[in-house]
Amino acid sequence: MLGLSSALHACGEPPRDAALFVSRGEQAGLTRALRCGAELHTKQTILEVNGNGVALLDVDADGDLDLALIDGSTRAQLARGEQITHQLLRNDGWRDGSPRFSPWSDHGLSMSGWPTGVACADVDGDGRPDLVVGGLGQDTLFLNRTLPGGAARFESTPLPGRSSPQDWTTGVALADADGDGQLDLYLARYLEIDPAHPPLGHVQQLPCRFAGHEVMCGPHGLPPQDDVFLRGLDGPPWFEDASEAWGVIAEAPAYGLGVVFVDLDADGRPDVYVANDSVDNFVLANRGTGFQHMGRLSGASSDMAGRAQAGMGVAVGDVDGDRDLDLLVTNFSDEANALYRNQGGLLFRETSTAAGTGHVSRPLLGWGVHLADLNSDGELDLFVANGHVYPEADLPGTGSRYAQPLLFQPGRGDGRFDAPIEVLPDEFVARGSACGDLDGDGDLDLLVLRLNRPPLLLINQTDDPGRQLLVTLEDTPPRARDALGAVLSVRVAGRWRSATRLSSSGFQSAGDPRLHIGGGGTIEAAVVRWPDGVEQPLDPSGLAFGRHHLVRRGVGVVSSTALLAPGT
Amino acid sequence: MPTAPPLAIVLSLALSLGLSSCGPDRSPYDPSVLAASIPDVVAALEAGDAEGALALIEVHRVSGTAPEGIWHYEGVALMDAGRSADALETLGHELGARPGNGQAQLIMAEALLDLGRAQQALPHLERARALLPSLPYVELVSARVALAREDDRGAAAGFTGYLKHDAWSPRAAEAHHGLAQLARAAGTLGVADRHEALSAQIERAQQVLNAQRQRLALDPSDSTAALGVGMVYLSLHNEVVSDPRLLSRAAEAFAACLESDPDNLRALYNLGFVAMVQGRTQQAAMLWKRTVALDPEHAGALLNGGLLAAREHDLAPALELLERALTHSEDPGEAVRAHRALEQVLREMGQEKRAEIHAQAARDLAPAAADPGSPGH
Chain A
421 MLGLSSALHA
431 CGEPPRDAAL
441 FVSRGEQAGL
451 TRALRCGAEL
461 HTKQTILEVN
471 GNGVALLDVD
481 ADGDLDLALI
491 DGSTRAQLAR
501 GEQITHQLLR
511 NDGWRDGSPR
521 FSPWSDHGLS
531 MSGWPTGVAC
541 ADVDGDGRPD
551 LVVGGLGQDT
561 LFLNRTLPGG
571 AARFESTPLP
581 GRSSPQDWTT
591 GVALADADGD
601 GQLDLYLARY
611 LEIDPAHPPL
621 GHVQQLPCRF
631 AGHEVMCGPH
641 GLPPQDDVFL
651 RGLDGPPWFE
661 DASEAWGVIA
671 EAPAYGLGVV
681 FVDLDADGRP
691 DVYVANDSVD
701 NFVLANRGTG
711 FQHMGRLSGA
721 SSDMAGRAQA
731 GMGVAVGDVD
741 GDRDLDLLVT
751 NFSDEANALY
761 RNQGGLLFRE
771 TSTAAGTGHV
781 SRPLLGWGVH
791 LADLNSDGEL
801 DLFVANGHVY
811 PEADLPGTGS
821 RYAQPLLFQP
831 GRGDGRFDAP
841 IEVLPDEFVA
851 RGSACGDLDG
861 DGDLDLLVLR
871 LNRPPLLLIN
881 QTDDPGRQLL
891 VTLEDTPPRA
901 RDALGAVLSV
911 RVAGRWRSAT
921 RLSSSGFQSA
931 GDPRLHIGGG
941 GTIEAAVVRW
951 PDGVEQPLDP
961 SGLAFGRHHL
971 VRRGVGVVSS
981 TALLAPGT
Chain B
1083 MPTAPPLAIV
1093 LSLALSLGLS
1103 SCGPDRSPYD
1113 PSVLAASIPD
1123 VVAALEAGDA
1133 EGALALIEVH
1143 RVSGTAPEGI
1153 WHYEGVALMD
1163 AGRSADALET
1173 LGHELGARPG
1183 NGQAQLIMAE
1193 ALLDLGRAQQ
1203 ALPHLERARA
1213 LLPSLPYVEL
1223 VSARVALARE
1233 DDRGAAAGFT
1243 GYLKHDAWSP
1253 RAAEAHHGLA
1263 QLARAAGTLG
1273 VADRHEALSA
1283 QIERAQQVLN
1293 AQRQRLALDP
1303 SDSTAALGVG
1313 MVYLSLHNEV
1323 VSDPRLLSRA
1333 AEAFAACLES
1343 DPDNLRALYN
1353 LGFVAMVQGR
1363 TQQAAMLWKR
1373 TVALDPEHAG
1383 ALLNGGLLAA
1393 REHDLAPALE
1403 LLERALTHSE
1413 DPGEAVRAHR
1423 ALEQVLREMG
1433 QEKRAEIHAQ
1443 AARDLAPAAA
1453 DPGSPGH
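Chains as they are written, first to last, in this note's numbering: chain A, 421 to 988; chain B, 1083 to 1459.
No lab work stands behind these hints, which were simulated from the structure alone.
Hints should not be assumed to be uniformly reliable.
Examples of chain A residues toward chain B, derived with CB under 7 Å [stated by the list, open to error]:
1) Leu717
2) Gly719
3) His779
In this text, all values refer to a predicted model and were calculated from it rather than measured experimentally.
We put the beta carbon where it would ideally sit given N, CA and C, even for glycine.
Please take these sequences and the hints and turn them into a complete structure.
Have a look at this one:
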C-alpha cells in the first residue's frame, strides 16, 4: 500500500524547502500528555477517541497568550467521580530559540466528568477572558478572577441544560444571539453512551467494523443527543436553558462535534453551524428570537453528491476575497474536506473538488482546522490536524493509517488551494488545534493536540512582523465587549483580506482573540462589520502592518504597539 | 456512513452493451473479456474489497498469469481504494494500449476530476461518451465534471439525463442534490427544496437498505430485516418514483420475510398491496384475508379487502369487511374511504337510506375525499 504522504503529494516529492514551521513543544515545556481514556493503541470506546481541547488566552493581561489545555479523563476515573484539573500554562516569553511555558497551580480550573471542548470570551464583561468547558457529565463556566500580572485564578459555575449524567457536550461556542449584550452559548452534543457498559463488538445487532476489521462501536447505532442553547444572563448563574424556546431541538438529533457561532448571512445576527458526525450538518439561521434549521436547503449540510459526511471540525474564513464567510469542514477518511462557499442568504455551494481540498484529504481523517494566512502572503491557507479514530486503521485494506500527516495547503485567494506542503515529516494521531501568535512576532503559530501524547507546538518561521497585522476589536455597551462575530476587512492592492472574531473554532478549541491579517502592503481601506451588522469604516492611515492595534467601536484605532521578531 | 457502490459494480452495467471484445487501437474495447481469466480479482472488486483486488493483481503479475489488459482492473481497484493519483498512471498505461476502452476513459475522467483537474477530464469524458453512448453513468460523471467547472447548464443536463435512467439508487440521490445546488445558485429555492427532499429520501432509504442487507448477510432468515428491505422498496415506489422494479423487489423481500415468519402481519398486508398494484387482485384478496384471519381488527386489511370486494361487486363480504374496518380504523382518511365504499355498496344493494347515512358521514369527515374504489397502502 502506498503511504498517505504519497497520496498527499501526487505530483512528485513534497516540497521540503518551505520549513514554515518548526516543532518546539518539548523546549517550550509542553511535556505532559492530556488524558483521553486508555492508551493510544488500546481504545475500546468512542468516548476515548475524540481527544481534548485547547484555548489560547491572555489569562493575566500581560500581553501574551497563555494556554489552557483541557484535560480529559479515563473510564476508571469517571467511575470514581474524580475531579479533573486542566493544565493552565503561563507564557514566559522567548528564550533560547523557543517560547517557554510554565504551569500555574491552584488556578481553579477543575471540574467533574470527562471534559472535552472549550470556548473563550469575556462572559461577565469585566475585561478578562473567561472559559466555558463542555464535556460528558458536566459543562462549566470558569470566570477569570486573575489580577493583571498576578497568579491565575478562576471561579467555576456548573452550567444548566443537562438532563442526564450521560449528556456529552463536545463543541462549545459563544456569541450574543439576541443582541442583549450578554453572551449566549451553544453546546453541540454528541451521543448517549454508558461509560460503564459501552457496546463492544456490535450495536443494535450490527457488528462494529471498519474495512473488515472489528473496531470500537459508534456513532452509528448509538442514540444521538439534542444540542443545547443557553441564553446569557447579566449575573449568576450567567446562563439559562433556552433550547426549546430558540428552536434548537432538531427533528432528528445528530452527533454534534465542531461548532461555530457567527453571522453567516451578514444580517447582524450570529448563526450557528454544527459539523455533525455521520449525519447532515446543521445550519441554524438566527431569526432574532429563535433559530431556524435550514436543513439541506442551505447546501452546507452534505457533500457534493448529497451524502452526509462524518463532520469533525469547522473553520470560517473568506477564502475568495468577497468579504463573506465561507466554511471548511473536516471529515472522515475516504471523505473530502468540504469547502462550502458562501453564496449569500445562508446558501452555500460545496466546491471541494474545484478548490483542491477534496482529493488530498480523502486518505485523512481531519479534526482541528484553520483558514488563516499562515504563510503571510495575504491569502487564507488551510491547515488540518489529522489522525484516525481507529488504531485498526493500520491493518491491511483500510486505505488509511492511525497516525497521519498534518495538512497545509496554501490558499490562492480565489477559493482554491495549492497542493499540500509538508509541515513536519512525522505523522501523528492529532485532534483539536488552536492558531495564534504565541511568540509576539505577529505570525500565526499552531498548538496541535495529540491523543495521549504531549501537544505539538509549531512555531511559524516567517519571522517578518512587517507582514503581519493584529487587531483587537472592542465593542461598547450595551453590547458585549468582545465583539464576537465581528469581521475586519482591509483592502490591499485592490483586494480584500478579512478576519473574524470567534470564541471557538476548528475542533473543541479556541484560538487567538486578536484578528490576524497577513501579507503586508499598504492598507487602502478598512472596515469593521460589528456583530450587529453595523459597518464602521476605519481610517486606513491609522492602520499599518507590523503593529497590533486596538480598535474600539465608534472611535477607531485607540492604541497601537509594534510587533517584534522573537527574541528582540 | 452511506457509501456509493464500488466503481466495479457501477461499470458492470456497461458489460451488457455488447461491445466487440477486442480490436485495433481505437475501436471499442470491452475489458470484461478478461474477467474469466481473473475471476478472483473481479470477485474482490464486486465485493468492494479494492485492496484485496490489488493484492491479487500483484499475485497474478508475479506468477505470470496477469492478462495484458489487467491495467484496467488495477485502475478500477485503485479508484475504489481512493488512490486517484495512482489510478491515473495505471489508466494511462491502459489507454495507451487500448484507447477504445470506454470504461477506462470514463474512469480516467473521474480520476482527473478527483484530483481537481476537471478541464483535463473533458476529452476522456467525450471519448467515453462516444464509446459508451448508452451508459447512463457517463451522464453523471459529465455532470460532476461540469459542476466542478462551474458549467451549471452542462451539469443540469447531465444530472437530468442520469435521472431518466436511474431514479432511486444512491447516485440518483447525488443527481437530485446536484440539481438542488444548481437551483440554489439560480435562486429557485422551491425547486432546490424539492430536489433536496428527494435526495434525502433516497439517501435515507439506501441507508436503511444497507443496514438491513448487512443483517441479512449475517442471518439470511432475519425476517425483520427482510421486512425492512421490502418497506424501503415500497416507500421508494410510493414516494419517489413509480418504478415496477421497486414493486418486484418489495414483493421478493416480503416473500422472504414470510418464509421465515409466515404470520408476519406487516409482510402479509404489504405483499397484498404490492399484488394489488401489480394487478394480481386474487392474490391480494387472499393475503388480506389471511391478515384479517390473524388479526381480526387489522383496519388496513379489512378496508382494502372490502374495497376490493366492492370493486368485484361481491357485496355481502364487502359490506361486512367495510363495516368492520370502520369499527377498528383510527385514521380519518381510512374512515372516509370506508364510508364512501359503504355508500356505493349499499346503493348497489338498494339500501338508499343506509347509503345516505354513510355518504353524509364521509362528507362530514372530508368533503373532498379520494376515489373510494382504490385500495390504498
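Each hint tested on the structure:
1. Annotation: interface hint on leucine 717(A) holds; nearest CB of chain B at approximately 5 Å, less than 7 Å.
2. This hint holds: glycine 719(A) has a C-beta 5 Å from the nearest C-beta of chain B, less than the 7 Å allowed.
3. With its C-beta approaching chain B no nearer than about 5 Å, histidine 779(A) sits inside the 7 Å limit, and its interface hint holds.
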